[in-house]
Every structure is written in C-alpha cells, then in structure tokens.
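K.L.:
Take the sequences, apply the hints, and build the full model.
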Amino acid sequence: MGRASWQTGLIAEPARTTLSQHEQPRPESLPAAELEALRGGDLRDLLPAVETERRLTDWGRSERVDGLMDRTLVEFLYRYWFRAEVEGIENVPAAGGALLVSNHSGALPPDASMIGKALREEHTHPRPLNITVEHFFKGYPGFSMLLPKIGCVAAHPANVHRLLNDEGQLVLVFPEGRKGTEKLYKDRYRLRRFGRGGFVEAAMRARAPIVPVCVVGAEEAMPVFAQLNLLKRMTGLLYTPLTPTFPHLGLLGMLGYLPAKFKLRFLEPIHFEEEGMHEDKGLVQSTAHDVRARIQENLFEMVGERRSVWFG
Amino acid sequence: MRSKRILITGLSTYWGGRLAKALEADPSIEAIVGVDNEEPSVELERTEYVKVGTQHALLRRVVEAAEIDTVVDTRLVVDSVTTSSRKAHENNVIGTMNVLAACAGAGTNVRKLIFRSSTHFYGSEQDDPAFFHEGMGRPHPPQTPIEKDILEAEASVAEFADKMPDTDVTILRFANVVGPGVRTSHTALFSLPAVPMILGFDPRYQFVHEDDVVHALEHVVQRELPGVFNVAADGVLALSEVAGLLGKSYAPVLPPWGTGLAASVMRRLGLNIPPEMLSQMRFGRGVDNRRLKAAGFEYGYTSREAALALGEHLRLHPLLRTSAEPYRYEREVEEFLRWSPNVRSARVKDQAPGAPGPASGPVERYEDLGAEEILSLLGSLEPADLGALREHEAAHSARAPVLRAIDSLLARSPARASETAPRT
Numbered sequence: 001m002g003r004a005s006w007q008t009g010l011i012a013e014p015a016r017t018t019l020s021q022h023e024q025p026r027p028e029s030l031p032a033a034e035l036e037a038l039r040g041g042d043l044r045d046l047l048p049a050v051e052t053e054r055r056l057t058d059w060g061r062s063e064r065v066d067g068l069m070d071r072t073l074v075e076f077l078y079r080y081w082f083r084a085e086v087e088g089i090e091n092v093p094a095a096g097g098a099l100l101v102s103n104h105s106g107a108l109p110p111d112a113s114m115i116g117k118a119l120r121e122e123h124t125h126p127r128p129l130n131i132t133v134e135h136f137f138k139g140y141p142g143f144s145m146l147l148p149k150i151g152c153v154a155a156h157p158a159n160v161h162r163l164l165n166d167e168g169q170l171v172l173v174f175p176e177g178r179k180g181t182e183k184l185y186k187d188r189y190r191l192r193r194f195g196r197g198g199f200v201e202a203a204m205r206a207r208a209p210i211v212p213v214c215v216v217g218a219e220e221a222m223p224v225f226a227q228l229n230l231l232k233r234m235t236g237l238l239y240t241p242l243t244p245t246f247p248h249l250g251l252l253g254m255l256g257y258l259p260a261k262f263k264l265r266f267l268e269p270i271h272f273e274e275e276g277m278h279e280d281k282g283l284v285q286s287t288a289h290d291v292r293a294r295i296q297e298n299l300f301e302m303v304g305e306r307r308s309v310w311f312g
Numbered sequence: 313m314r315s316k317r318i319l320i321t322g323l324s325t326y327w328g329g330r331l332a333k334a335l336e337a338d339p340s341i342e343a344i345v346g347v348d349n350e351e352p353s354v355e356l357e358r359t360e361y362v363k364v365g366t367q368h369a370l371l372r373r374v375v376e377a378a379e380i381d382t383v384v385d386t387r388l389v390v391d392s393v394t395t396s397s398r399k400a401h402e403n404n405v406i407g408t409m410n411v412l413a414a415c416a417g418a419g420t421n422v423r424k425l426i427f428r429s430s431t432h433f434y435g436s437e438q439d440d441p442a443f444f445h446e447g448m449g450r451p452h453p454p455q456t457p458i459e460k461d462i463l464e465a466e467a468s469v470a471e472f473a474d475k476m477p478d479t480d481v482t483i484l485r486f487a488n489v490v491g492p493g494v495r496t497s498h499t500a501l502f503s504l505p506a507v508p509m510i511l512g513f514d515p516r517y518q519f520v521h522e523d524d525v526v527h528a529l530e531h532v533v534q535r536e537l538p539g540v541f542n543v544a545a546d547g548v549l550a551l552s553e554v555a556g557l558l559g560k561s562y563a564p565v566l567p568p569w570g571t572g573l574a575a576s577v578m579r580r581l582g583l584n585i586p587p588e589m590l591s592q593m594r595f596g597r598g599v600d601n602r603r604l605k606a607a608g609f610e611y612g613y614t615s616r617e618a619a620l621a622l623g624e625h626l627r628l629h630p631l632l633r634t635s636a637e638p639y640r641y642e643r644e645v646e647e648f649l650r651w652s653p654n655v656r657s658a659r660v661k662d663q664a665p666g667a668p669g670p671a672s673g674p675v676e677r678y679e680d681l682g683a684e685e686i687l688s689l690l691g692s693l694e695p696a697d698l699g700a701l702r703e704h705e706a707a708h709s710a711r712a713p714v715l716r717a718i719d720s721l722l723a724r725s726p727a728r729a730s731e732t733a734p735r736t
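Protein chains in written order, with our numbering: chain A, 1 to 312; chain B, 313 to 736.
Because the hints were derived from the structure by calculation, they are not lab data.
Take the hints with a grain of salt, since some may be wrong.
Claimed, not checked - Computed far set for chain A versus chain B, every beta-carbon distance over 10 Å:
(1) W59
(2) L237
(3) M277
To be verified - Straight-line alpha carbon distances no greater than 25 Å define the calculated SDA-like cross-link-like pairs of lysine to any residue that follow:
(4) K232(A) with A470(B)
(5) K560(B) with E63(A)
(6) K232(A) with N298(A)
Here a beta-carbon is modelled for each residue, glycine too, at the ideal position from N, C-alpha and C.
P.N.:
This is the structure we're talking about:
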C-alpha cells in the first residue's frame, strides 16, 4: 500500500498513492479543466468496488429483505394471485442501463413489483430493478426504512443518471407519478400527463434506451373509488384512497388486492445514440409524447383483447 | 509549485496535529508553522507552534514573516457538540475571514490554500440526491448554526478563489470521520451500548477513516489540485448496518414526530444529539467520492472497514485507556528541544540525509587522518557536516578527543541554522 515508504519521509515526489493514468507526473500540468473532463464519463471506472461481505448496496437495497419479499409475498402475488402473463421481455437489454417507463395505478401499486418479478423470472439475464419513488417516502417513517431495502430510489435526476449512466442498471419510472395513483377507477387505463419529460431527458443524457411497459390488471386489483382528503391531512400521507379494503381495514387493507389477471407487455426499446440530445427541449417533449402514445395505444389494445378482468 | 513553507491552522485539532506530523517527514518541506488557540495535542519535532486568538487576527504577520507559501486550514469546527455555538461561529466565520485576509496581502507569497470543510455543506433533506457530487449546491437553506457557518465560510473561500487567481484553492469536504483517535458526536453516539435511531428511519451513512483524512490533506498539499473535492470512503452504509459492524444492537428510541423535543429531553439526560445530526439520522447522506480518486488519491479504508476499525477501538478502549499517557504540550520543554545548543541526539541524526554524508569525496582517506589533523580541520566545517562527521566517527574509530571536539563545536554553533535550513 506504500504507506511504509510514506512514513520514512525520504520521498520528494508524492509516493503514497500510485499515479493513475489520468494524472500527469508533473504537478504543474494537472489542470482543473482535465479534472472537469473526468466528471463526464471516465469516472465510471472509479465506482466503489462491491464488498462481498455486505448485504446492502450503496443505495440501501438489502439482499435479505429483497430476497425474502421476492420469495414470499411477491412470488405469491405474481404466480397465484395475479397469474401474471409477460410478453416482449426480450426487449429489455441484457446489459447496460435502460429506463423502463410504465403506466401506473393502484393505491399501493403492485405494478412495480410485478415488473421487477417478471424481469427476475422471465428474462435470460435477470437483473435487479431500481424503482423510482417520490421523495415523500424518504421522509415518512416506516416507508423510509423499508422502500430502499426492496430497491426503491428517490426520483431525483441525479440518481437516475448515476444508475443509468455510471452503474448501467435498470431503472423503472412512472412518469404519471402521483397523478397516476390518485386516479379513480372510472379513469382506468387513461394515462395522465407524462410530467415534463424529465425521464426522456435522463435517458438521453445517459444515452440509455427507453423500454415502454404496459401493465393491465393493476387498475382492477385495487380500484380507487375516491380520495379521502380529510384522512390525508390527518395522517400526512401522500394520498389516502378509498378502496374495497382501505381505510376501514387499516393499513393492512393497503395490501388487499383483488385477484385481477395481470398482463405485462414490454415494447420495443427506443435508443438514443447521439450526444447532447437532451438539450433539445422540443425533441424531449415530442419523444415523451411518443412514448406515452405507444403505451396508451398498447393498453387499449390489451384491454380490448381481454375477455375477463379476472381470467384474462 | 512545490510547497516548501507551510502554515497549518488548527494545530491542536486532531487533523492539524497529525498532518503536521506527516509533513515533518518530508525533507523537501523547509518550514512548518502551526497556529491555534490551544496547545498541540500530538508530539511534534520541527513544527513551530504559535498561539493565536480564536479570531486569528494577527495571522497575517506570521504568514508574512515566515514567507509562507501554503496555508492548510484545518481549523473549521463542524461538530456543534465540541464547541459552543458562539465560539464556533467566531472560529468558523470570523476566523476564516482572517485566515483569508492573511493569505491575500499585497506581496503575499501564499500560492496554495487548502480548506478543510465538511459534507454538512450539503445538509440532509428529504429530496436530496443519493450521492452529492462537488458541483451540486445545497438544495435547501441551512437551518442549524453550524451548517450556516460552514456555508458562510465556504462562500468566503470561494470568493477568495475568484479574487486571487494565482492562488490554488482546494476545498476538501470530509464525510463523518471515524477512527480510534477522534472524538465526534457520532463516535459518542456509537459508543453507547446500543445505537439510538429514529423510529422508522434507517439513514444512509458514509464515513471516512481518520488516516484517510490525513492522507487526503497530505495528497493535496503535495499536488496542485484546485477545486472542491469530497472526501468520503467507498461504500454507503445503513445505520442499522453500522450498528451491526460495531457489534451492537440498535434502539429506535427517538420518535419520528417531535424528534427535536425528544432530543432535548435526552440532552438533559446527558446524551447530546446536535440538530445537524438529527437531520442526518433521519435522511442520511451519501456523496460521490470519485473526483478525488480521479486526482490520484486512494482510500485506505472503505466505510465498512472504517466502522469495523471504530468497533474494534470501542471494544479495546476500556482496556487500553490507562496504559498510554496522553501527550501534554509544555512550552519550555519544546523550546529547549528545538533551540538549545545542548540538545545533541535525535536532531543531529535527522539532518543526516540532507547533509553531505561521510561517504563523499575526501572521506576515502578519512580513516588515515590522525586525531590532531582532524581537529585542525574541524573549524572549517559547517554544523550539519560536523553532525555527519560525528556520526561517522562514533560508528567507526570513535576517538574520544575527536568526538569531544565536534560536540563542543556543535554546541557553540547556532543550532537554529541547522534546524530550519538543512540544505544551505
């Protein structure tokens, strides 16, 4: 490690650390500009190494909790309760960053964990999925502790960029966000506005493909009949829907899903090869619009083909 | 530019003291001056300690008189438990102002300023990114006095950097420091029988080991790395994971609502949790450490290893506490050791690598010279050479009259000259 030589003090040239290839041997010629350039992409090589002794990732995902959930609750829901059917899983790249964009619904949405499970079960190269969630959850006791453990990260542009660009991971976003989960049963499968296209910008900046995902079944698994604003104010929760089981069965009622048949469809990825595409705001907006239109179109098609809500 | 004459502020702090000690080993550094308002806490050999007030008002005169070219400012207080908030403000804001003023004089020699800051700069909030990098500002204005101080101090350093383009200004933002030698409010928290937590929260923590702190400071002293760098070890741990690594359980004793109130009750009971720590215990913080790594720095510890090292120390501490006598600075002793002509040992040896050793030139025939001949030649030698000669003589023929003569000459010669400028 060179620490011994550092202590003898015989070295005029800095010797404790080995000079990396980025660094010039003469200190005079290591300009700030070069360091700034490093900020771009080369820093990827400098990501922390994985410590095998650890059971948590730097993002807080816990192998133990995630695995336990995956083996029990999620497994049960995926296989027996929702009897999920998956098509187009090959559209998710086997390596490198990719941004999965999906429709969103339900009070405690089961769609995210079903997409994650589908990747685990059906894909040839199963990879963990990072689910972006509202910052709100980081501030709410309980959620703050549990959500990172099962692979949720706050939907911050910097987080998405690091995951896609630097770490080359899969990220799931719901561009509808809260508007999606607040939506009532009567508006089912009608996509809300797709934010300000921030997700497209993130994908373009990281030059990672967007994979649109359609989920049918989540709307019926937990239909929302109304939003209870008084309860929302009392609990400080993000939203308090009236569902068949919530709030009269308490917090556990949040998990009271009806056994609707789940169908997941992964669409053809959209690639962004050029650099600097994210600076073109018009392009960002039109791409966001395209993605939304494709998901909407496929959703209507899937709902149209469906004979029964419960049996598919 | 190579740093030759270095001024370290905050010499009595753990960082300042250890950095001075590390730099002493580098013979290319001519002078190390340490200033602080308290006495040094580690034993130093050639670092000169100057006592100054909290505001560092007279620092400029020290900087000018010693022709300082590099100022390492390790004095910032980033833990509000260790100091009262008024004293911390005085030190952090007014002190920084005066340190900068000392570097900014008209004919100043200062070409490099290294400023030790903290990742408290970024704060801990709900909508933070998971990894702050150096280009990111703070998403929300600071709430606690200590964070306000840090931001204010950094702002004045940034302003200084703009005003003085010839001076390389490096800001190092250190994550929570842990290690056997350092006491912070976090290590105090971790030394409790169980690690207290806020119910329902498991924040992300990143540490940096105390050795890495010193090495990082040394790294930037030895190079030209202007800009801001995060210094935090690889790996971001959850607080529950930290408790596990320390071999302790965790206790969610703080309620999620009314946490501040509960903390003030605990303060009464003797457990001091400062407000900036409360927000960290709720939301945690991670930073991107890759910029410093790109600048060639290698961390000796990961966050996990740092936590393990702390755990080991906490287990051993009760056993080792009594065995080692802590160092106490005594002015008269230090001055005697540095300047007295009667001090012969260690010092002289230290000069050996710098002085032309007995192996050069005429020494081939040295052994042939008689004691009288040597005595007649001694008068023409420099004190440093005399030292080397004495060593050689002692190791080889060890003729008593020669040794005695050299000793008396060394005692009479101005020891100071050989101390500060070994090369000349």
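K.L.:
Against the structure shown, which of the earlier numbered hints fail to hold, in ascending order?
P.N.:
Of the numbered hints, 1, 4, 6 do not hold.
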